[in-house]
Amino acid sequence: MNMMSDAATEKAVNAPADEPVIKMRGKDVCVFYGPKQALFDVNLNIRENAVTALIGPSGCGKSTFLRSLNRMNDTIDTCRVTGDITLDGEDIYDPAIDVVELRARVGMVFQKPNPFPKSIYENVVYGPRIHGLVRNKADMDEVVEKSLVRAGLFNEVKDRLHEPGTGLSGGQQQRLCIARAIAVSPEVILMDEPCSALDPIATATVEELIHELRENYTIVIVTHSMQQAARVSQRTAMFHLGVLVEEGDTDKIFTNPDDPRTQDYITGRFG
Amino acid sequence: MSIFLLVTIVCVLGVVGYVLARSRVSGLETDSSVSYHSRPGYHGMHMAIATVLPALLVLAVWAISSQVVIGNVVKSSISQEVLGDSAAREGLTMGIVSSISRGLTLLNAEELKQAANGIDAARPLLAAKGVAIATDASDPMVTAAFRYNGLEQTSTFWRSIVVILAALVCGGWAWTQLGARVKARNRVEGVVLGLLILASSIAILTTIGIVLSMIRETGRFFASVPPLEFFFGTVWDPRFAAAGATESAGQFGLLPLLAGTLYIALVAMLVAVPIGLFAAVYMAEYAGPKLRSVAKPLLEVLAGIPTIVYGFFAVVTVGPFLRDLSAQISGIFTGDASSFIQAQSVLTAGAVMGIMLIPFVSSLSDDIITAVPRAMRDGSLGLGATRSETIKRVILPAALPGIVGALLLTASRAIGETMIVVLAAGVAARLTINPFEPMTTVTVKIVSQLTGDLEFNSPQTLVAFALGITLFVLTLGLNIYALYVVRKYREQYE
Ligand SMILES: Nc1ncnc2c1ncn2[C@@H]1O[C@H](COP(=O)(O)OP(=O)(O)O)[C@@H](O)[C@H]1O
Ligand SMILES: [Mg+2]
Numbered sequence: 001m002n003m004m005s006d007a008a009t010e011k012a013v014n015a016p017a018d019e020p021v022i023k024m025r026g027k028d029v030c031v032f033y034g035p036k037q038a039l040f041d042v043n044l045n046i047r048e049n050a051v052t053a054l055i056g057p058s059g060c061g062k063s064t065f066l067r068s069l070n071r072m073n074d075t076i077d078t079c080r081v082t083g084d085i086t087l088d089g090e091d092i093y094d095p096a097i098d099v100v101e102l103r104a105r106v107g108m109v110f111q112k113p114n115p116f117p118k119s120i121y122e123n124v125v126y127g128p129r130i131h132g133l134v135r136n137k138a139d140m141d142e143v144v145e146k147s148l149v150r151a152g153l154f155n156e157v158k159d160r161l162h163e164p165g166t167g168l169s170g171g172q173q174q175r176l177c178i179a180r181a182i183a184v185s186p187e188v189i190l191m192d193e194p195c196s197a198l199d200p201i202a203t204a205t206v207e208e209l210i211h212e213l214r215e216n217y218t219i220v221i222v223t224h225s226m227q228q229a230a231r232v233s234q235r236t237a238m239f240h241l242g243v244l245v246e247e248g249d250t251d252k253i254f255t256n257p258d259d260p261r262t263q264d265y266i267t268g269r270f271g
Numbered sequence: 001m002s003i004f005l006l007v008t009i010v011c012v013l014g015v016v017g018y019v020l021a022r023s024r025v026s027g028l029e030t031d032s033s034v035s036y037h038s039r040p041g042y043h044g045m046h047m048a049i050a051t052v053l054p055a056l057l058v059l060a061v062w063a064i065s066s067q068v069v070i071g072n073v074v075k076s077s078i079s080q081e082v083l084g085d086s087a088a089r090e091g092l093t094m095g096i097v098s099s100i101s102r103g104l105t106l107l108n109a110e111e112l113k114q115a116a117n118g119i120d121a122a123r124p125l126l127a128a129k130g131v132a133i134a135t136d137a138s139d140p141m142v143t144a145a146f147r148y149n150g151l152e153q154t155s156t157f158w159r160s161i162v163v164i165l166a167a168l169v170c171g172g173w174a175w176t177q178l179g180a181r182v183k184a185r186n187r188v189e190g191v192v193l194g195l196l197i198l199a200s201s202i203a204i205l206t207t208i209g210i211v212l213s214m215i216r217e218t219g220r221f222f223a224s225v226p227p228l229e230f231f232f233g234t235v236w237d238p239r240f241a242a243a244g245a246t247e248s249a250g251q252f253g254l255l256p257l258l259a260g261t262l263y264i265a266l267v268a269m270l271v272a273v274p275i276g277l278f279a280a281v282y283m284a285e286y287a288g289p290k291l292r293s294v295a296k297p298l299l300e301v302l303a304g305i306p307t308i309v310y311g312f313f314a315v316v317t318v319g320p321f322l323r324d325l326s327a328q329i330s331g332i333f334t335g336d337a338s339s340f341i342q343a344q345s346v347l348t349a350g351a352v353m354g355i356m357l358i359p360f361v362s363s364l365s366d367d368i369i370t371a372v373p374r375a376m377r378d379g380s381l382g383l384g385a386t387r388s389e390t391i392k393r394v395i396l397p398a399a400l401p402g403i404v405g406a407l408l409l410t411a412s413r414a415i416g417e418t419m420i421v422v423l424a425a426g427v428a429a430r431l432t433i434n435p436f437e438p439m440t441t442v443t444v445k446i447v448s449q450l451t452g453d454l455e456f457n458s459p460q461t462l463v464a465f466a467l468g469i470t471l472f473v474l475t476l477g478l479n480i481y482a483l484y485v486v487r488k489y490r491e492q493y494e
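Residue numbers (full-length UniProt numbering), protein chains in the order written: chain A, 1 to 271; chain B, 1 to 494.
Hints were generated in silico from the structure; no laboratory data involved. Be aware that a few hints might be false.
What the hints assert, rightly or not - Capping the alpha-carbon separation at 30 Å, the derived lysine-lysine pairs in DSBU-like fashion look like this:
#1 A:LYS137 - B:LYS392
#2 A:LYS36 - B:LYS290
#3 B:LYS392 - A:LYS112
#4 B:LYS392 - A:LYS158
#5 A:LYS112 - B:LYS113
Given the structure is predicted, the values throughout are model-derived calculations rather than measurements.
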């Protein structure tokens, strides 16, 4: 009840036509691994139907922030998160929230392609099956085709849907993982350096895919490559030593950053 | 000089060679501007190997061949009538000679002089040292024994000289080899490689040797009992092997034993697999690091308990418990409080063996489950699967081939187990499908056929080899299949 009205107010605030809609909102987010603090009071909003890139030197907490957006940090025993993170105005760390449902709405693609050692078909229907989104064979066929088409993989694999997903090339595997993620119709897709294990051609394909997915999904992508951030994202957030240095339109961050640390990072002075 | 002393001397020479060569080369290296192909340590090793290895080889060859040569020389010195005309009698005579000669080495000089007078003088002297000599020993044999000892002494003397000489000569040669361009490293590596190959071929050759010797004895068994009767006979009743009476007919049906073996192993697996697997899943996926660090070694300790102890447990605790329990149950349902589970039964043996196998299953499966990459778990959890869904649908299927391999290994252990069965299921070879009755297994029968004072010429004892081969083939098949499955699993993430 309470949540609903929160969400409603938020919508109302963001409603005016030219104002972008905020999908996820992080407020004073701190993350600890045991006694060690990895994130310090991060305040970052994720806009709907936009690609937000998280950049910053290695170990600055990009993955940590990303993983706190769908509570994947829960799987690490020592990890503790404080502050508020909301999805459509609902606090995702509320004890009443079902983490299974949250992860169905906020999907994730990992750094290294990690298809299950099952067939391509089984990989894609995995999520829909556990969430009860498919009832029969026809449903499943449809979901598989739709997701693979969206992920731009269908034409390449349509003749071998029942062969192991691990037999695909790296780039194909990563697109399979993206297909697997969008098969459960998430609203937000989190990607942690999705191209770092891929060759340049596969990278280009995946980037193109991210570009297309933006129309239907809200995307947050961690990347090590400035060029990639510049190519695929509309918004960019720069992290350094667990602190959010600055965020803003990608164009502005890359041409005219406010913070000297961002300037140093994008000109390659540290990284 | 005893072999032990000789080996010690050679090794000391080797160490000295190592130290000398090493310091020499490091000295030369610092003095000259020439760069050496190998580090001083390798030159040292090269020197040590050159000193020790040929000398030990010579020693080994000498030790083996001198026995044969001396034996033949002594044999040819004994006249034909003393030696006997058949091969068996010759063997007997030579046996007496060698026991006399062994006895003579225990005597002092005074006693030796007396013993040289003949067998009647020697016999009491030897008996006083605890060496009993056969009654048909004669004077020429004593002479031969003295000759034997004399030759042996000469051989030992020359052996020491030759071996030490070999060490010095080869070491000396290696000393001349110390130079900048000498590839000591490559030679040392070659020797190391050779040693490794030797070690693994010893293991393989031993296995082959065991199999071959079993096959020979099995062949002798099948000469008196037709294979069909053995493999398809349903009655196991070998009778007693009355001494000499080889033709006393027994029945050697394998089926009751094989059935017992498989039945008990099956019950054991039914107990061990679910419990072990659940324990493994808990350990790998749910238990915190603290609990894990305590519980895992504890489980492994359990795996180290000798099986005979489990046997006690079966006899003293599980068997009587099941018997009394069944008596109570039948008392409740029929009013007749007689137990339907006997104290020794397939069930008891299977249950206890199952308990023994739990740590085996759980620790193997635990390793396999933990080896499933974290990325698989993350992938599944990231799609909104719960922990148990992830285990059921991703981790166990991914680990399945490995787990199957582990289970096959476990099964071959269950098949080979003996002590628990003897104590818990008895030694009665019966063909039954009632798990509440005693049965017995192949291994138990091998033991019972081979214990006691036996000659290896009746089917009653030779059958043990046929049983052994059967068991060997069975477990070998299981192990090979398990290895095949495990290997296939390994390829999955590569
Ligand atoms: N599982 C973990 N346990 C302990 N510390 C961690 C763990 N994961 C990350 N960290 C620490 O948190 C900090 C941020 O890591 P991360 O978010 O992975 O950085 P990035 O993705 O920006 O390279 C690093 O200092 C790292 O050492
Ligand atoms: Mg990272």
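- Message: Of the numbered hints stated earlier in the document, which are not met by this structure?
- Response: Hint check: 5 fails alone, others pass.
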